[in-house]
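Residue numbers (this note's numbering), protein chains in the order written: chain L, 11 to 359; chain S, 11 to 359; chain G, 11 to 359; chain V, 11 to 359.
By construction, these hints were calculated from the structure, which means they are not laboratory data.
Since this is a predicted model, take the numbers as computed values, not measurements.
Among these hints, one or two may not hold up.
[Unchecked claim] In silico PhoX-like pairs for lysine-lysine, Cα to Cα no more than 25 Å straight-line:
id, chain 1, residue 1, chain 2, residue 2
1, S, 151, L, 253
2, G, 180, S, 47
3, V, 292, G, 106
4, S, 93, S, 57
5, L, 106, S, 60
6, G, 253, V, 161
7, V, 47, G, 292
8, V, 177, V, 151
9, V, 47, V, 106
10, S, 60, S, 253
11, L, 93, V, 161
[As the list claims (entries may be wrong)] Sample of chain L residues lacking proximity to chain G, with all beta carbon distances greater than 12 Å (derived):
id, residue
12, 16
13, 17
14, 37
15, 46
16, 58
17, 70
18, 84
19, 86
20, 98
21, 108
22, 182
23, 204
24, 283
25, 301
26, 332
27, 333
Built from N, CA and C at the ideal position, the CB exists for glycine as well.
There are 4 protein chains.
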Amino acid sequence: MNSFGRIFRVHIYGESHGEGLGILIDGCPAGLSLELKDFLGDLARRKGGKKGTTARVEDDVPQMKSGIFHRRTTGAPLLVEFKNTDIRTEDYEQLKDIPRPGHADFCAFRKFEGYHDWRGGGHFSGRLTAGLVVAGVVAKKIIAPATVEAKVIEAGGSRDIQRAVEKVLKDNDSIGAIIECRVRGLSVGLGEPFFDSVESMIAHIVFSIPGIKGIEFGSGFASARMRGSQHNDLIVDTEGKTKTNHAGGINGGLTNGNPLLFRVAVKPTPSISRIQRTINLKTGLREDLEIRGRHDICFALRLPVVLEAAAAVVLADFLLLERISGRVLKSKNRDSGLKEKGGKDDFPG
Amino acid sequence: MNSFGRIFRVHIYGESHGEGLGILIDGCPAGLSLELKDFLGDLARRKGGKKGTTARVEDDVPQMKSGIFHRRTTGAPLLVEFKNTDIRTEDYEQLKDIPRPGHADFCAFRKFEGYHDWRGGGHFSGRLTAGLVVAGVVAKKIIAPATVEAKVIEAGGSRDIQRAVEKVLKDNDSIGAIIECRVRGLSVGLGEPFFDSVESMIAHIVFSIPGIKGIEFGSGFASARMRGSQHNDLIVDTEGKTKTNHAGGINGGLTNGNPLLFRVAVKPTPSISRIQRTINLKTGLREDLEIRGRHDICFALRLPVVLEAAAAVVLADFLLLERISGRVLKSKNRDSGLKEKGGKDDFPG
Amino acid sequence: MNSFGRIFRVHIYGESHGEGLGILIDGCPAGLSLELKDFLGDLARRKGGKKGTTARVEDDVPQMKSGIFHRRTTGAPLLVEFKNTDIRTEDYEQLKDIPRPGHADFCAFRKFEGYHDWRGGGHFSGRLTAGLVVAGVVAKKIIAPATVEAKVIEAGGSRDIQRAVEKVLKDNDSIGAIIECRVRGLSVGLGEPFFDSVESMIAHIVFSIPGIKGIEFGSGFASARMRGSQHNDLIVDTEGKTKTNHAGGINGGLTNGNPLLFRVAVKPTPSISRIQRTINLKTGLREDLEIRGRHDICFALRLPVVLEAAAAVVLADFLLLERISGRVLKSKNRDSGLKEKGGKDDFPG
Amino acid sequence: MNSFGRIFRVHIYGESHGEGLGILIDGCPAGLSLELKDFLGDLARRKGGKKGTTARVEDDVPQMKSGIFHRRTTGAPLLVEFKNTDIRTEDYEQLKDIPRPGHADFCAFRKFEGYHDWRGGGHFSGRLTAGLVVAGVVAKKIIAPATVEAKVIEAGGSRDIQRAVEKVLKDNDSIGAIIECRVRGLSVGLGEPFFDSVESMIAHIVFSIPGIKGIEFGSGFASARMRGSQHNDLIVDTEGKTKTNHAGGINGGLTNGNPLLFRVAVKPTPSISRIQRTINLKTGLREDLEIRGRHDICFALRLPVVLEAAAAVVLADFLLLERISGRVLKSKNRDSGLKEKGGKDDFPG
């Protein structure tokens with residue numbers, strides 16, 4: 011169940027400490043220009059090595075394995091892979107039977123009956139989001155000229171993000187953060203009724219990013235404290251422009267032409283250097299666990315580009331779907347595609 | 011795209027002021043006891059007619075059309091229908107070209123090029139959630155003995171919900187609310203890696219309920235302001251019980267055996283009796299709109315049972331899926347199903 | 011798993027002797043003209059009552075429950091229902107524990123552990139194809155001006171179909187048949203690489219019609235006896251017109267612009283009036299079974315319109331999908347949809 | 011749309027003359043033993059190099075990139091890749107604008123507007139079936155102890171396959187063939203009602219194998235010439251064993267416990283060394299085409315193992331699904347999930 015999308019579809023695979031990881035992108039239209047360097051900017055934004063992020067720095071050189079010919083997409087599936095190189099598995103040996111608090115370890119152990127790859131979170135690792143960033147680069151090309159932009163707006167409860175990170179660094183602890191994402195230039199009517207609203211699909215993919223614990227659109231949780239007379243965005247022109255944007259650019263699950271806006275809550279990194287109590291699943295005894303390894307103090311700092319990718323993947327899917335619904339009759343009349351090509355061909359059967 | 015689920019699948023249809031609406035449930039196991047009266051309790055909770063909710067009161071008598079035989083599910087699709095009876099379409103005639111602020115009207119008009127059923131929100135109406143409640147009743151039977159319970163914990167920013175409603179009633183305005191939902195008794199390991207995390211699937215279906223603008227799991231947005239040492243839930247026994255439940259019962263996208271907990275933000279009802287400015291899409295001129303019709307002042311009051319249904323539908327799907335993953339080898343050894351039945355049958359081809 | 015399609019999606023439900031049956035059609039574009047009388051012609055072709063077909067004649071008046079407004083599709087799901095009226099369940103009482111040879115009875119009993127609706131085949135009945143015919147009517151409108159036409163070309167091994175039927179009627183037996191289906195006017199390139207070839211999707215839906223035991227495209231099984239030099243269809247113009255049509259209008263799984271052609275093998279009706287041996291599942295003893303009820307002698311005579319519907323449903327789905335792949339760049343340049351609408355909208359978030 | 015399956019899902023990618031190709035397998039249960047050497051036997055059967063098959067011989071060493079840990083599946087997606095090594099692209103340079111008769115060239119050119127990888131058939135190449143064989147090896151482990159076996163039963167219309175190949179070799183021509191596939195040891199009731207019958211799913215995947223033009227189950231096309239009294243398979247014991255197997259092991263779309271049997275028609279290889287007429291898509295002029303490259307004379311000789319894989323993939327999917335439907339109440343009793351509700355099930359079956 012590592013797949014997402016209806017038309018523009020992504021399939022993710024790989025592990026943190028295995029051979030590598032990657033993404034298989036299906037449903038990408040043919041003829042899109044695409045080459046290695048297109049990925050580098052966004053991948054660099056996701057990398058560690060900066061203050062507040064992990065010391066593990068992978069080269070993250072994507073390898074394009076299929077679906078590309080003469081630097082254009084061919085319409086066939088695109089496979090993009092990353093090799094794992096900077097691995098220190100010994101850091102994780104101790105964790106085999108001792109689940110880390112706040113991690114997937116215990117659940118994965120039980121779900122997969124001990125057969126899962128437990129090294130560095132295995133398939134549950136945040137490292138898999140590198141594949142999502144790759145898909146995001148492709149998706150951003152599809153949704154252009156619409157633009158998507160995310161940034162950390164608060165960390166550890168403070169707007170002064172740098173200072174918050176420095177403070178917690180000294181305490182061997184970690185902090186959470188809030189990220190805001192904005193998409194400009196979307197046409198009206200993207201989204202599908204009922205189950206596949208824009209909010210539904212964005213929330214679906216966003217909650218697959220490890221560590222996200224909340225999402226809100228437009229005024230979000232603040233809406234719950236507003237009155238209708240305050241919250242309703244008055245429509246000011248026939249293009250649907252509204253005076254305010256409490257709805258976050260979405261009404262009835264469809265884009266309304268105003269900027270799409272959402273915020274997510276990122277929990278603090280669960281891996282901290284402090285000693286924490288847990289249980290040894292083999293012996294059943296309590297254990298004091300000290301997590302070594304290399305970790306982010308505030309992994310949210312690496313997530314804005316991942317959120318952009320998540321949003322772009324959803325919107326590319328909606329945009330491609332949109333070419334269908336409600337446009338058939340018009341285009342039939344306009345370009346009468348079938349009438350010209352078909353009809354006459356009455357060859358011997 | 012009015013479908014949801016992988017194994018336990020629901021397909022929703024209908025309009026607010028058309029002939030009726032309903033839900034088609036596929037993938038329901040055979041042999042579940044099910045009859046009309048099973049639905050009545052939950053449907054009554056969704057009904058209007060109480061203080062703060064709409065004066066439109068439909069009978070909401072579900073009609074079971076297929077998939078039932080001798081009061082048991084047969085394994086074939088279940089269709090459950092509701093007829094619309096208490097319709098006053100004239101209330102909506104004015105809205106044909108004049109989109110109501112805060113509603114889907116404008117987006118639907120553009121997406122479906124004017125062909126949509128605009129009466130009472132048409133297919134976008136909250137009335138379709140009656141179908142979801144029906145699916146929830148079936149799903150609750152599948153996930154039992156796990157229990158799901160939702161309630162409004164705050165309306166208009168106040169914990170005193172009744173008073174908040176009374177106050178806004180006088181002002182011809184509406185209010186939003188926050189609803190909390192809790193599921194107890196789930197086994198460990200429900201959920202699927204990456205794209206189909208428990209949070210992803212619950213958020214997906216929850217955002218298809220009209221008017222939801224935010225969701226958070228466990229400590230949610232408060233997590234973003236916490237430190238790792240505070241947020242991490244320490245594991246205290248080999249069943250995964252944790253000392254605190256900041257994670258809301260989910261780690262790495264999988265249930266961890268503790269209560270599943272989420273909260274949603276519901277916006278204030280957009281239909282208010284006050285005059286609001288909008289645009290006439292035909293003339294392009296601004297209009298003063300006074301919405302008549304019958305509306306909820308705080309439609310969130312009718313939503314707890316809908317949220318329960320949404321959660322139950324997701325969890326039933328996960329539970330049915332869970333019978334597969336990671337259990338194959340064990341069951342092969344244990345009940346050696348195929349070995350007994352198969353193997354020998356070597357009949358003439 | 012009673013669903014089919016990616017964009018144009020159909021969900022089937024109901025039983026032969028329950029309240030009724032029907033089809034839920036999702037993904038139908040808005041604005042298609044559609045009314046009751048559009049269905050009557052094709053439904054009449056599926057009806058029994060003619061020589062060689064069952065004496066059970068249902069009115070088969072379709073009821074349109076949703077997705078229609080002012081005789082146009084709205085873009086929301088279409089539900090079309092049939093009530094069952096001409097039911098004589100007593101004919102089937104004997105069959106509860108005694109599986110009929112050649113029927114689903116035994117398999118259904120085991121799969122659903124006895125909870126299935128066994129009356130008249132229940133959910134496995136050929137009567138459900140009435141829903142497919144309804145979907146076919148809608149699909150034919152989408153694929154127009156392409157046309158689809160099927161006919162019985164052989165029954166009981168003979169081209170003289172009427173005489174073959176009369177002969178077997180006297181013997182209280184039944185016969186199978188071969189039906190040929192031809193689609194003219196399709197554009198080039200419908201179909202999707204690898205798993206969703208045109209042959210794959212047509213075969214998938216065709217084998218869901220009860221009683222089909224084989225399908226072949228173009229020269230089909232005869233191809234296996236040909237040489238490449240005979241079988242290859244030489245291309246004679248830049249529109250892809252070929253000199254012969256051994257490929258049946260499909261190369262590499264994609265339509266090639268020539269008429270799409272396939273034939274199916276329909277088995278003889280398994281319900282015959284003669285006494286047949288079978289097993290009583292309760293007692294484990296052999297039984298002599300005489301099937302009463304009303305049955306088709308050659309149910310294939312009612313299938314051409316069902317096959318047309320099946321083909322049309324697949325092709326409508328492909329046609330809607332086709333609006334996406336490989337057309338994005340061109341349309342982006344051509345109608346620069348987003349550039350006009352988007353870009354400038356930079357409202358306060 | 012390069013994906014197949016509901017629970018056991020395969021995603022295929024790659025090109026004939028690109029970097030490589032492979033398959034991503036999702037939904038494989040954790041704990042299955044799996045290592046490189048498991049693949050070698052079946053891959054060897056698919057290889058060329060034998061009389062009647064292509065001179066292009068790839069090493070076909072599969073590389074397992076993810077989803078494996080300590081030689082067991084982990085429950086995470088399995089990626090298996092093949093590198094292309096024995097490539098001679100110059101053989102195909104001439105084909106860029108000149109579609110080969112009987113190939114996907116023309117359709118792909120039009121569908122992807124010239125952006126497709128045209129080298130050696132690109133993504134349409136039969137070489138991609140190597141990925142399917144890999145998935146088949148995994149699937150065979152899941153369906154064991156059921157066994158699947160396919161063989162060529164006729165080539166060029168003759169049962170003496172070797173002689174038929176030798177004869178056509180001299181004529182610079184190619185021949186088609188018929189392959190028969192048999193699965194033994196399946197339990198009763200695999201398959202899903204209506205759209206996902208066993209025949210539907212097997213036909214779907216089989217027609218994604220390049221060159222298949224027909225499929226029949228059991229007596230297949232011969233059924234169309236039989237009477238009901240001949241065709242009906244009489245049931246002889248309570249396990250569903252039948253006296254004959256005209257149904258090919260399937261009734262009502264479900265397995266009936268008897269051997270599953272199907273045959274496919276494979277067309278002759280379209281690439282022949284003889285000169286063939288075609289069209290230059292650039293100039294619009296007719297061309298005489300002589301296909302060089304290295305080709306199979308009867309590529310059907312390499313397909314039996316591919317067909318086995320296709321059948322195994324479908325059946326693994328059905329088997330995993332089967333753990334759900336109709337088994338819930340019973341298993342609930344066993345593992346105490348629903349002791350309260352289930353438990354007593356002593357209803358009339």
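Here is how each hint holds up against the structure:
Among the hinted pairs, residue 151 (chain S) with residue 253 (chain L) is inconsistent with the structure: their alpha-carbon atoms are about 46 Å apart, more than 25 Å. As the CA atoms of residue 180 (chain G) and residue 47 (chain S) are separated by approximately 51 Å, the hinted pair breaks the 25 Å bound. Taking the CA atoms of residue 292 (chain V) and residue 106 (chain G), the gap is near 67 Å; set against the 25 Å cutoff, the hint is violated. Distance hint between residue 93 (chain S) and residue 57 (chain S) is fulfilled; the C-alpha atoms sit about 14 Å from each other, no more than 25 Å.
Restraint check: the Cα-Cα separation between residue 106 (chain L) and residue 60 (chain S) comes to about 55 Å, which exceeds 25 Å; the hinted pair is violated. Using a Cα cut-off of 25 Å, the hinted pair residue 253 (chain G) and residue 161 (chain V) is violated, with the two alpha carbons roughly 33 Å apart. This hinted pair does not check out: residue 47 (chain V) and residue 292 (chain G) have alpha carbons roughly 48 Å apart, beyond 25 Å. At most 25 Å may separate the alpha-carbon atoms for a hinted pair to count; residue 177 (chain V) and residue 151 (chain V) exceed this at roughly 39 Å.
For the given pair, residue 47 (chain V) sits about 38 Å from residue 106 (chain V) by alpha-carbon distance, which is inconsistent with the 25 Å threshold. Proposed proximity of residue 60 (chain S) and residue 253 (chain S) is contradicted: the alpha carbons are some 40 Å apart, above 25 Å. Restraint check: the Cα-Cα separation between residue 93 (chain L) and residue 161 (chain V) comes to about 40 Å, which exceeds 25 Å; the hinted pair is violated. The claim that residue 16 (chain L) is not at the interface with chain G is violated, since a C-beta of that chain comes within 12 Å of its own (minimum 7 Å).
Residue placement check: residue 17 (chain L) does not keep its beta carbon more than 12 Å from all beta carbons of chain G (closest about 6 Å). Against the 12 Å criterion, residue 37 (chain L) falls within the reach of chain G, whose nearest CB is about 8 Å from its own CB. For residue 46 (chain L), the shortest C-beta to C-beta distance to chain G comes to about 21 Å, beyond the 12 Å cut-off, and the non-interface label holds. The claim that residue 58 (chain L) lies off the interface holds: its Cβ sits roughly 30 Å from the closest Cβ of chain G, which is beyond the 12 Å cut-off.
Against chain G, the non-interface label of residue 70 (chain L) holds: every CB pair exceeds 12 Å, the least being about 28 Å. For residue 84 (chain L), the shortest C-beta to C-beta distance to chain G comes to about 10 Å, within the 12 Å cut-off, and the non-interface label is violated. At roughly 6 Å, the least C-beta separation between residue 86 (chain L) and chain G is not larger than 12 Å, which violates its mark as non-interface. The Cβ of residue 98 (chain L) lies farther than 12 Å from every Cβ of chain G, with a closest approach of about 40 Å, so its non-interface assignment holds.
No Cβ of chain G approaches the Cβ of residue 108 (chain L) within 12 Å, the least distance being about 42 Å, so the stated non-interface status holds. The claim that residue 182 (chain L) lies off the interface holds: its Cβ sits roughly 37 Å from the closest Cβ of chain G, which is beyond the 12 Å cut-off. Chain G draws residue 204 (chain L) into its interface by the beta-carbon criterion, the shortest separation being 9 Å against a cut-off of 12 Å. No Cβ of chain G approaches the Cβ of residue 283 (chain L) within 12 Å, the least distance being about 38 Å, so the stated non-interface status holds.
Here residue 301 (chain L) stays apart from chain G, with its beta-carbon at least about 38 Å from theirs, past the 12 Å limit. Chain G draws residue 332 (chain L) into its interface by the beta-carbon criterion, the shortest separation being 9 Å against a cut-off of 12 Å. A beta-carbon of chain G comes within 12 Å of the beta-carbon of residue 333 (chain L); the shortest separation is about 5 Å.
Checked against the numbered hints above, the structure violates hints 1, 2, 3, 5, 6, 7, 8, 9, 10, 11, 12, 13, 14, 18, 19, 23, 26, 27; every other hint is satisfied.
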